Amino acid sequence: METAYSNINGQIWLFFDAVVEWELIEDTEQQVTVKVFHHDLGQHMMMTFVYAKYSALERLELWELLYYLASDMEMPWLVGGDFNMVVHEDEKIGGLPAHPPEYEDFAFCVNSCGLFDQGYKGSPFTWWNVRPNVECIFKRLDRIFMNFPFQNMLPTIEVEHLIRTGSDHAPLFMTCGEQTANFVKPFRFLNL
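Using the UniProt record's numbering, the letters of the sequence shown map in sequence onto residues 55 to 246.
No wet-lab data here; the hints were simulated from the structure. Honestly, I wouldn't trust all of these hints.
Estimated spans, in silico, between C-beta atoms of each pair [to be verified]:
#1 SER125 x ASN187: 40 to 48 Å
#2 GLY220 x CYS190: 29 to 37 Å
#3 GLU56 x ASP159: 22 to 30 Å
#4 GLU189 x LEU95: 42 to 50 Å
The list that follows gives simulated cross-link-like pairs (lysine-lysine, BS3-like), each with its CA atoms no further than 25 Å apart [unchecked claim]:
#5 LYS146 x LYS107
#6 LYS89 x LYS107
#7 LYS146 x LYS175
Note that the coordinates shown come from a computational prediction; the quantities given were computed from them, not determined experimentally. For each residue, glycine too, the CB sits at the ideal point set by N, CA and C.
With the hints as constraints, model all of the structure from the sequences given.
In structure tokens:
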């Protein structure tokens, strides 16, 4: 059975296919965390979907919750969404320089939680302020992190930053690779 869920302020929407069962773990204004059982993989995993506040002070609440979730995280964990913050100053072009204490808090949170960025294909920036020329600003605000158990479970994961259409954010497209069945090719004689 397919289901849908939106967080308490309606800004994060989740849609689940029949191949997964899910259980709500945490729901706040900035994130939704669910425990998922994927029938095809036969695996449980945690997934946290983020829509972080613009205010650095309000984002601290999100970092604290991620610390809390990570404190006893033993299963594969994926954390992704709009973090409204760069991890490093080189993830921003244009406008005022990135404020180090803000992005350092974010980077510290990610590292302390045992998460890492798998990398991506496509543009290095996921957000644009939709202004021309000198006023133009690009940032990488949207991303997907995972822990090592998640990477070990799905080692061929790829994240692609798609082209922005109808939004100032680029959608992220994550593929988990193909599970191919091992089979032996039949032996054949060729009569030449």
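Subject >> List of violated hint numbers, smallest to largest >> reply: Structure breaks hints 2 and 3.
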